[in-house]
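Chemist: Sequence:
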Amino acid sequence: MTVLVASDKFKGSLTAAQVADAVGAGVRRARPDARVRAVPVADGGDGTLAAVLAAGFTAVPVTASGPTGEPVDTWYARRGDVAVVELAAVSGLVRLPGGRLRPLRATSRGTGEVMAAAIAAGCREIVLGVGGSAGTDGGAGLVAALGARLLDASGGEIGDGGVALPGVASIDLTGLRAATRDVAVTIASDVDNPLTGPRGAAAVYGPQKGAGPAEVARLDVALAHWADVVARTTGRDLRDTPGAGAAGGVGFAGLALLGAALRPGIELVLDLAGFSGALRGADLVVTGEGMLDEQTLHGKAPAGVARAAGRAGVPVVAVCGSTTLPPARLHDTGIRAAYALTDLEPDIDVCLRDGARLLETLGERIAAEHLEGGETE
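So for the sequence shown, this note's numbering puts the first residue at 78; every next one is plus one.
Hints should not be assumed to be uniformly reliable.
What the hints assert, rightly or not - Computed Cβ-Cβ distance ranges for the label pairs, DEER-style: (1) Ala389 / Asp259: 31 to 39 Å; (2) Asp314 / Ala445: 54 to 62 Å; (3) Leu429 / Arg106: 39 to 47 Å; (4) Val298 / Arg258: 32 to 40 Å; (5) Val281 / Arg201: 29 to 37 Å; (6) Arg357 / Ala405: 27 to 35 Å; (7) Glu147 / Ala445: 49 to 57 Å; (8) His375 / Gly176: 22 to 30 Å; (9) Arg201 / Asp431: 39 to 47 Å; (10) Val171 / Leu421: 27 to 35 Å.
Because the hints were derived from the structure by calculation, they are not lab data. Cβ atoms here follow ideal geometry from the backbone N, Cα and C, with glycine treated the same way.
Please build the complete structure, drawing on both the sequences and the hints.
Modeler: As structure tokens, then:
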């Protein structure tokens, strides 16, 4: 019997690789004859680099600007001429100094610097995972780092952050076009929000980044002005395109100024991680994430894994920290059953501290309930 563990991280507790190790240990304890494979996965946000590194990509270290301009040590992942860049690893909430939220001034510039480093090193395909951004700058910082000049009425370059966008009077794309002429950019995102309006980047995601009602309104106006200038420059208005609101408007800049394609994050990561090849010969797939809830059903890693495994006719179960999904909703997603740490230990602090040990026990249960009667390899 072969079990494929393809889980996302348990945020704040275990990496995807650690989840796989613990589940695999439990499975083998219950069924020593079982073969366990691990394919760590992510949905395009935090953890995407770890997933592709586990699939054979190489980490390339880079120093770039953090979300408030301070230098941070980060990296991208490379295989051949493909580079995977994780926005969260350089311009994300986790990179804010002291965890202090800066909704008006946080920038995506550092992500553009990492992309520029990959391009300078010879990469010609950039995959950008955009979850977990700290800012709402419409991707202005990113394209500026790639060579665009965002100019005010006096011909000077504007500052960073969404707060600076109202000062943009014109855009010089000469440097950007030269730098990215032969480069294909794909953005991994499951967000379908437009750039502006009640479902836009500021209104929906600004509060998560520390923006109060007045700041949300200010950022929305700033993004609308940015979109006006971009439309005047390019002849296309893409502010209402689904996904333009991803990562504080990085999706918009990618679409409008880089000619980027948008793909669901989990689908892209599964392709990069070689999931379809690993799936061959599997008798059971174990997926998971920290919390299984309604958001899981809309583009999160477990739902994507279940869809891919379902197409191959391989049954899927899930592990998680906790779940709010009833069995019927799980079944609709293609997940036969969910095994939660809170089934074993109701104290969340204990689950966070002893997650690996509890996952081993869940791995034993999964093996007992889903591998019985299987043939030994």
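Chemist: In ascending order, which of the hints set out earlier in this document are inconsistent with the structure?
Modeler: Of the numbered hints given earlier, the structure breaks just one, which is hint 3.
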